[in-house]
Amino acid sequence: MHEEPVEILVQLAERGEIDPWNIDIVDITDRFLTELERRRELDLRISGRTLFFAATLLRMKSEYLTTDPFEDQEEGDLDDALEDEEILECAADEAEPIERLEREIQRRIGRKRVRRRPATLYELITELKAAEKEERRRRRRRAQAQQHEVPLPRTSEIVAVAHDEDYRGAAEDVFGCYTRLAPAGETLTVRVLCDSLGKRTIDVYIPLLFLALEGEVELWQEEYFGDVYVRRDMHGQSRYA
Amino acid sequence: MDRVAMLEAILFVAGAPVDYGEIAKMLEVRDEEVPALASELKDRLDGRAAPLEVLDSGDDLYMVLKEEYSDFVYPLMRPEISRAVLRTLSVIAYRQPMLQSDLVEVRGSGAYAHVEELVKRGLVARQRSGRSYELQTTPEFSRYFKTAALSSVQERLDVR
Amino acid sequence: MDRVAMLEAILFVAGAPVDYGEIAKMLEVRDEEVPALASELKDRLDGRAAPLEVLDSGDDLYMVLKEEYSDFVYPLMRPEISRAVLRTLSVIAYRQPMLQSDLVEVRGSGAYAHVEELVKRGLVARQRSGRSYELQTTPEFSRYFKTAALSSVQERLDVR
Numbered sequence: 001m002h003e004e005p006v007e008i009l010v011q012l013a014e015r016g017e018i019d020p021w022n023i024d025i026v027d028i029t030d031r032f033l034t035e036l037e038r039r040r041e042l043d044l045r046i047s048g049r050t051l052f053f054a055a056t057l058l059r060m061k062s063e064y065l066t067t068d069p070f071e072d073q074e075e076g077d078l079d080d081a082l083e084d085e086e087i088l089e090c091a092a093d094e095a096e097p098i099e100r101l102e103r104e105i106q107r108r109i110g111r112k113r114v115r116r117r118p119a120t121l122y123e124l125i126t127e128l129k130a131a132e133k134e135e136r137r138r139r140r141r142r143a144q145a146q147q148h149e150v151p152l153p154r155t156s157e158i159v160a161v162a163h164d165e166d167y168r169g170a171a172e173d174v175f176g177c178y179t180r181l182a183p184a185g186e187t188l189t190v191r192v193l194c195d196s197l198g199k200r201t202i203d204v205y206i207p208l209l210f211l212a213l214e215g216e217v218e219l220w221q222e223e224y225f226g227d228v229y230v231r232r233d234m235h236g237q238s239r240y241a
Numbered sequence: 001m002d003r004v005a006m007l008e009a010i011l012f013v014a015g016a017p018v019d020y021g022e023i024a025k026m027l028e029v030r031d032e033e034v035p036a037l038a039s040e041l042k043d044r045l046d047g048r049a050a051p052l053e054v055l056d057s058g059d060d061l062y063m064v065l066k067e068e069y070s071d072f073v074y075p076l077m078r079p080e081i082s083r084a085v086l087r088t089l090s091v092i093a094y095r096q097p098m099l100q101s102d103l104v105e106v107r108g109s110g111a112y113a114h115v116e117e118l119v120k121r122g123l124v125a126r127q128r129s130g131r132s133y134e135l136q137t138t139p140e141f142s143r144y145f146k147t148a149a150l151s152s153v154q155e156r157l158d159v160r
Numbered sequence: 001m002d003r004v005a006m007l008e009a010i011l012f013v014a015g016a017p018v019d020y021g022e023i024a025k026m027l028e029v030r031d032e033e034v035p036a037l038a039s040e041l042k043d044r045l046d047g048r049a050a051p052l053e054v055l056d057s058g059d060d061l062y063m064v065l066k067e068e069y070s071d072f073v074y075p076l077m078r079p080e081i082s083r084a085v086l087r088t089l090s091v092i093a094y095r096q097p098m099l100q101s102d103l104v105e106v107r108g109s110g111a112y113a114h115v116e117e118l119v120k121r122g123l124v125a126r127q128r129s130g131r132s133y134e135l136q137t138t139p140e141f142s143r144y145f146k147t148a149a150l151s152s153v154q155e156r157l158d159v160r
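Chains as they are written, first to last, in the working numbering: chain A, 1 to 241; chain B, 1 to 160; chain C, 1 to 160.
The following block holds chain A by itself, in its conformation from the complex (with noise of 0.2 Å):
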């Protein structure tokens, strides 16, 4: 009686002569039925042990799939000397170059950690600067959004400020009463600002939120409705100086 191909391949697999990993069992199925249809020879019990060794491939190859690999890998630890013992044994004569070998391997891999270099104090430093100006720029922000928390000014109230006096002519207004008030590049108030020129809060906010968009002066507030404060932003460029 002639043995079908996938029965031989499960024998194979049985004892342990193939990697049922290896087999495609859709592949080897399809050759098998074309093959059988090529012959006229299609019969349902073939067709049915046909399907009966791709499930059971497909069982072992599933088997394999599943075995918890970290399972193996302790047990592999505990075989280590005999499986050392069995490589003597299945190649005497290769064992010892074998060996000889597997120690410049270990000397040459066991080395390869590339080495990271400590971080420096300079290092530390210049993050720290860093995270200032990171929160500082945080802080701009915030005080940002919560601006328009504050009574906001009117559409109409900024374009008459843009049109009536240029708004670069008012950016220099305020910026000269801050460096006057603030000669070291101090914090003051909003309110200081106002008092010492006269005018609105409007008046002056306005024009300090151009000069904080050009870099001028950072402008912040650490409570909702409370002051606002200004600052004179020592990394920007100064145009006005």
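None of these hints come from the bench; they were simulated from the model.
Keep in mind that the hints are not guaranteed to be accurate.
20 Å max Cα-Cα, derived EDC-like pairs, lysine to aspartate or glutamate [stated by the list, open to error]:
| id | chain 1 | residue 1 | chain 2 | residue 2 |
| --- | --- | --- | --- | --- |
| 1 | C | Lys42 | B | Asp46 |
| 2 | B | Lys66 | A | Glu123 |
| 3 | C | Lys66 | A | Glu99 |
| 4 | C | Lys66 | A | Glu102 |
| 5 | B | Lys42 | C | Asp2 |
| 6 | C | Lys25 | B | Glu68 |
| 7 | A | Lys133 | A | Glu186 |
| 8 | A | Lys129 | A | Asp233 |
| 9 | C | Lys66 | B | Asp2 |
| 10 | C | Lys42 | B | Asp2 |
| 11 | A | Lys133 | B | Glu105 |
| 12 | B | Lys25 | C | Glu68 |
| 13 | B | Lys66 | C | Asp2 |
| 14 | A | Lys129 | B | Glu105 |
| 15 | C | Lys42 | B | Glu53 |
| 16 | A | Lys133 | A | Glu123 |
| 17 | B | Lys42 | C | Asp46 |
Just so we're clear, the structure is a prediction, and the values are computed from it rather than from any experiment.
With the hints as your guide, set chains B and C onto chain A.
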């Protein structure tokens, strides 16, 4: 085999500080003998003008490049602490003791993972304080950045 | 600064073979001057009984533990690659190109997992060949062996 060379081999492979206890076990000596071996290794390294030095914390040994050589080689290498984590560390060092909640305000929510890493590296200590944690740098921090006193670090960090 | 010590510093941090060209650039010397510096470094290491050795392939330099020290240190320091995986890698390197089915014959069914790990580490390449896979080491693996002077073993490694 030469125990001092064995010690060098251990420190060469480790690439990180190694405990006295571990070294003693590997060399089959008593813990108390480790410092003497370390000091002999130091002498040998100096003797042949090696770019390496052995840092002895009293608990562990660490073989690193001497500073002048690290200045030369390190620009070519990546630091072991990422910039983002280093930035978080710098904020903690500057503001310590600092609440973790305040830190997150400044550094964003990524700071939780940074603190985790810094605590694991032993550079930051975390202590429960009310609903948050209080953070501060450890003595290991000063050792890492090779500064004797924390106060001097504070001064040098005082960039404002 | 002392160029030989600078070379040692570079090799200490590298963790892999470094090209002549790269070394020459860092030391600001010509490529042709590198072998002389390497040989001077070898002398210094021998002079103070260091456990380190410089391997010179003619194209690159690699600083590793001397064999007797690596035999002592690696089993204790718990290398990332387990002994069993290392043995599988050695068999592949020795017999390459080799069918996976033949490997399993020699190393047992645990070899499937070993190959998986070695492929992931980029040390072994796997290519379908009929019903099995053909295995061989990768150029990444060979990079560490350019300098090997292992007679017959070396020939095996030069297969590719």
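Structure-based check of each hint:
The suggested pairing of Lys42 of chain C with Asp46 of chain B holds, with an alpha-carbon distance near 16 Å, which does not exceed 20 Å. Distance restraint check for Lys66 of chain B and Glu123 of chain A: the Cα-Cα separation of roughly 18 Å lies within the 20 Å cut-off, and the hinted pair is therefore satisfied. For the suggested pair Lys66 of chain C and Glu99 of chain A, the alpha carbons sit about 17 Å apart, so the restraint of at most 20 Å is met. Note on Lys66 of chain C and Glu102 of chain A: the hinted pairing holds, with a Cα-Cα distance of about 15 Å set against a maximum of 20 Å.
Straight-line distance between C-alpha atoms of Lys42 of chain B and Asp2 of chain C comes to about 18 Å, which keeps the hinted pair within the 20 Å bound. Restraint check for Lys25 of chain C and Glu68 of chain B: satisfied, since their Cα atoms lie roughly 18 Å apart, inside the 20 Å limit. The suggested pairing of Lys133 of chain A with Glu186 of chain A holds, with an alpha-carbon distance near 17 Å, which does not exceed 20 Å. Restraint check for Lys129 of chain A and Asp233 of chain A: satisfied, since their Cα atoms lie roughly 14 Å apart, inside the 20 Å limit.
For the given pair, Lys66 of chain C sits about 13 Å from Asp2 of chain B by alpha-carbon distance, which is consistent with the 20 Å threshold. Taking the CA atoms of Lys42 of chain C and Asp2 of chain B, the gap is about 18 Å. The hint holds against a cut of 20 Å. A distance of roughly 14 Å separates the Cα atoms of Lys133 of chain A and Glu105 of chain B; the hinted pair therefore holds under the 20 Å criterion. For the suggested pair Lys25 of chain B and Glu68 of chain C, the alpha carbons sit about 18 Å apart, so the restraint of at most 20 Å is met.
With a CA separation close to 13 Å, the supplied pair Lys66 of chain B and Asp2 of chain C stays within the 20 Å bound. Between Lys129 of chain A and Glu105 of chain B the alpha-carbon distance is near 17 Å, which keeps this suggested pair within the 20 Å criterion. Distance hint between Lys42 of chain C and Glu53 of chain B is fulfilled; the C-alpha atoms sit about 19 Å from each other, no more than 20 Å. For the proposed pair Lys133 of chain A and Glu123 of chain A, the alpha carbon gap of about 15 Å is at most 20 Å, so the pair holds.
Distance restraint check for Lys42 of chain B and Asp46 of chain C: the Cα-Cα separation of roughly 16 Å lies within the 20 Å cut-off, and the hinted pair is therefore satisfied.
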